[in-house]
Amino acid sequence: MSSERQTSSGIPLKAVYTEDDTRRIQSEEPGKFPFTRGIYPEGYRRITWIESFASGYGLPEETNEREHYLRSIGHKAFGGLDSINLVFDRPTFLGYDSDDPAVFPDVGQIGVIVDTIEDLERLFKGFDLAKLNVGFIIDTQAPALMALYVALADRWGVSRKTLNGIICNNPCEAYFVARMRTVPPKSGLRLAVDVAKFCIREIPGFNIFRINGYNVAESGANSVQEAAFALIPAIAIMQEATDRGLDADKVAARVSFQFAQGRDFFEHICKIRAARRIWASILKERFHVTDELSCRMKIHLQTAGSTLTAQGPLNNIIRITLQTLGAVLSGTQSVHIASYDEALSLPTEQSVRIAVNTSKILKYETGLCDVVDPLGGSYFVESLTKSIEDRVWTHINEVDRMGGFIEAVETGYLEKIVVSESYRFQQKVQANEEVFVGLNEDAGEEETGRAIFRVNEKAAKIAVQRTKEFKSKRNQREVEVAIEAVKEAAAEDTRDVMPLLVEAASRNATIGEMSGALMEVFGEYSPRTILS
Amino acid sequence: MVRVLLAKVGFDTHDRGVRVVASAIRDAGMEVIYGGVFQTDESIYRTAIDEDVDVLGLSFLCGGHVEWMERVIGYFVDRGADLPALLVGGVIPHDDLVKLKNLGVKAIFGPGTDLNEIIDTIKRITR
Numbered sequence: 001m002s003s004e005r006q007t008s009s010g011i012p013l014k015a016v017y018t019e020d021d022t023r024r025i026q027s028e029e030p031g032k033f034p035f036t037r038g039i040y041p042e043g044y045r046r047i048t049w050i051e052s053f054a055s056g057y058g059l060p061e062e063t064n065e066r067e068h069y070l071r072s073i074g075h076k077a078f079g080g081l082d083s084i085n086l087v088f089d090r091p092t093f094l095g096y097d098s099d100d101p102a103v104f105p106d107v108g109q110i111g112v113i114v115d116t117i118e119d120l121e122r123l124f125k126g127f128d129l130a131k132l133n134v135g136f137i138i139d140t141q142a143p144a145l146m147a148l149y150v151a152l153a154d155r156w157g158v159s160r161k162t163l164n165g166i167i168c169n170n171p172c173e174a175y176f177v178a179r180m181r182t183v184p185p186k187s188g189l190r191l192a193v194d195v196a197k198f199c200i201r202e203i204p205g206f207n208i209f210r211i212n213g214y215n216v217a218e219s220g221a222n223s224v225q226e227a228a229f230a231l232i233p234a235i236a237i238m239q240e241a242t243d244r245g246l247d248a249d250k251v252a253a254r255v256s257f258q259f260a261q262g263r264d265f266f267e268h269i270c271k272i273r274a275a276r277r278i279w280a281s282i283l284k285e286r287f288h289v290t291d292e293l294s295c296r297m298k299i300h301l302q303t304a305g306s307t308l309t310a311q312g313p314l315n316n317i318i319r320i321t322l323q324t325l326g327a328v329l330s331g332t333q334s335v336h337i338a339s340y341d342e343a344l345s346l347p348t349e350q351s352v353r354i355a356v357n358t359s360k361i362l363k364y365e366t367g368l369c370d371v372v373d374p375l376g377g378s379y380f381v382e383s384l385t386k387s388i389e390d391r392v393w394t395h396i397n398e399v400d401r402m403g404g405f406i407e408a409v410e411t412g413y414l415e416k417i418v419v420s421e422s423y424r425f426q427q428k429v430q431a432n433e434e435v436f437v438g439l440n441e442d443a444g445e446e447e448t449g450r451a452i453f454r455v456n457e458k459a460a461k462i463a464v465q466r467t468k469e470f471k472s473k474r475n476q477r478e479v480e481v482a483i484e485a486v487k488e489a490a491a492e493d494t495r496d497v498m499p500l501l502v503e504a505a506s507r508n509a510t511i512g513e514m515s516g517a518l519m520e521v522f523g524e525y526s527p528r529t530i531l532s
Numbered sequence: 533m534v535r536v537l538l539a540k541v542g543f544d545t546h547d548r549g550v551r552v553v554a555s556a557i558r559d560a561g562m563e564v565i566y567g568g569v570f571q572t573d574e575s576i577y578r579t580a581i582d583e584d585v586d587v588l589g590l591s592f593l594c595g596g597h598v599e600w601m602e603r604v605i606g607y608f609v610d611r612g613a614d615l616p617a618l619l620v621g622g623v624i625p626h627d628d629l630v631k632l633k634n635l636g637v638k639a640i641f642g643p644g645t646d647l648n649e650i651i652d653t654i655k656r657i658t659r
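So the sequence lines, in the order shown, correspond to chains F and Y. Residues in the first sequence are numbered from 1 upward in steps of one, following the numbering used here. Residues in the second sequence are numbered from 533 upward in steps of one, following the numbering used here.
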């Protein structure tokens, strides 16, 4: 008798699936509501997935060099657009300038330094903003960064209407999985919606949210939890947006999601299919979105960093290949593929090239783009999709019963589940129930790789110097007036903050000053910490 | 009972690993104080002294580990206070292992470390 098997989320697995397992499941078509089989009827035959590799380190011109390198090796978006997806250093991500005494030595380490509009000029040198699909990985401090980018476009004479991209702008993670400098939940939601409102009006080519399941998964959640704890914040964001009078269709059309592609091959694929189906029906039934095309869940998939090992790092090339294959079979719109040395350091040109080639080989050498949703109709895949969907709904319904996302945060419901799952997973690794080849299986241990990439040691000092000089050369009075205006607008719940932030940015206010102004008005919020 | 303070200093908030280690040390029968993220040299010093800890473990994923350890150690030394036994966990480039050891860090635990190794090390250094 063979032992009982289950997915990594604990869903029981039969040995064989047949027609009986899918008899009651509605058959669907790609590109049709509720989009389980993908959001486009012609899938990758018409538009393939794009590369949108998160990158950034050190000085803006150093990241600029990496972006030009990525472009030169074929990392690109659709329609001839360039593709840039930016990771900011921790100070920028948290809304501090490099010259803030509190932030050294975190300056420039794992993302690019952006304090001023001149930093953005260095960062985007040689790129036509009107021919660029840019991603900004920034959440609670999104307002300041968005304002700075708009000010840059204005300064460079690029029409706001020609800008394309995405800003993550997700306030919710900060409250349960990814600690970051933030304000109380209601204020965080308001600011995020403020960014959305501005973008819908001024930069319609921008996606205004990238709601993150990836960080939930990387914090230890299983696939069911990952999907649920991305959808629950998404519901809260949609609710806040519509409560504040935004058109549900216009918001929905610009919401996107990011998920992880991890170890359990089919479960991750089915998680994506289930998520698309659930989100489409939530938008229609709960938020009364009228255009079905606005119910399409746009997805960015990132290969799961936590699945990679420092021991035997070349094995990671195989892992990322399988995960990218899973992402493609999930029908993703864009991918970030980790480099094989992910567990050791930021990628070198050589290691990121292999990651880019992974995408290209799948795109050009395998025939995968020729048929839409080839897994559709598989007895196993459709059955597992349904099982995941049911379990995700259980979480959504539970949080609804509690009173919504903010309640779930305050009771610790979300965090406790993630932290417990994280500990449970590690215990399984300890017990060799979760195997990592080269780390804990019989064949013996492999050498831990050596990190090659190092951030320029001088970057931090240069950045501090530049920011000080920038501040000394500008019209200080103008900045102070503009920042005061930001604070006044922020202090009143019904006013829009973004136009004042853009004004401040155009007057040479820095990230730290703009973010600092908002933090001052709303107050710092520290969620409590739960151990498993 | 051995008292262990675990935390993250600076602005890196990748805390999955340090939380798992905290739970494991607690389950091994030791007293764990999880200091959370965004800690500074000053806050670490305060907590370590107030809680009278035997071991201090800091976790780093985003670099700055040598500078931060120098700062934290310096804070204790400047005040003439005894340092707890020092441990570091996280992503540490190979070249920095020696630098950390030279600062007095007893052990560095990289990705894939067996939790039992951490517990055994703590028992050994606090005997």
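In case anyone wonders, no lab produced these hints; they're calculated from the structure. Small disclaimer: the values here were computed from a predicted structure and weren't measured. Take the hints with a grain of salt, since some may be wrong.
[What the hints assert, rightly or not] In silico DSSO-like links for lysine-lysine, alpha-carbon gap of 27 angstroms or less: (1) F:Lys76 / F:Lys461; (2) F:Lys458 / Y:Lys633; (3) Y:Lys633 / F:Lys416; (4) F:Lys471 / F:Lys76; (5) F:Lys461 / Y:Lys655; (6) F:Lys458 / Y:Lys631; (7) F:Lys428 / Y:Lys655; (8) F:Lys487 / F:Lys471; (9) Y:Lys631 / Y:Lys655.
Results for each hint:
The suggested pairing of Lys76 (chain F) with Lys461 (chain F) is violated, with an alpha-carbon distance near 33 angstroms, which exceeds 27 angstroms. A threshold of 27 angstroms between alpha carbons decides the hint, and for Lys458 (chain F) with Lys633 (chain Y) the separation of about 24 angstroms falls inside it, so the pair holds. This hinted pair does not check out: Lys633 (chain Y) and Lys416 (chain F) have alpha carbons roughly 35 angstroms apart, beyond 27 angstroms. For a cut-off of 27 angstroms, the pair hint linking Lys471 (chain F) to Lys76 (chain F) is broken: about 35 angstroms separates their Cα positions.
With a C-alpha separation of about 41 angstroms, the suggested pairing of Lys461 (chain F) with Lys655 (chain Y) is violated against the 27 angstroms cut-off. Between Lys458 (chain F) and Lys631 (chain Y) the alpha-carbon distance is near 19 angstroms, which keeps this suggested pair within the 27 angstroms criterion. Annotation: proposed proximity of Lys428 (chain F) to Lys655 (chain Y) holds, straight-line Cα distance about 23 angstroms (limit 27 angstroms). With a CA separation close to 20 angstroms, the supplied pair Lys487 (chain F) and Lys471 (chain F) stays within the 27 angstroms bound.
Our distance criterion of 27 angstroms between C-alpha atoms is met by Lys631 (chain Y) and Lys655 (chain Y), whose separation comes to about 24 angstroms.
Hint check: violations occur at hints 1, 3, 4, 5; the rest are consistent with the structure.
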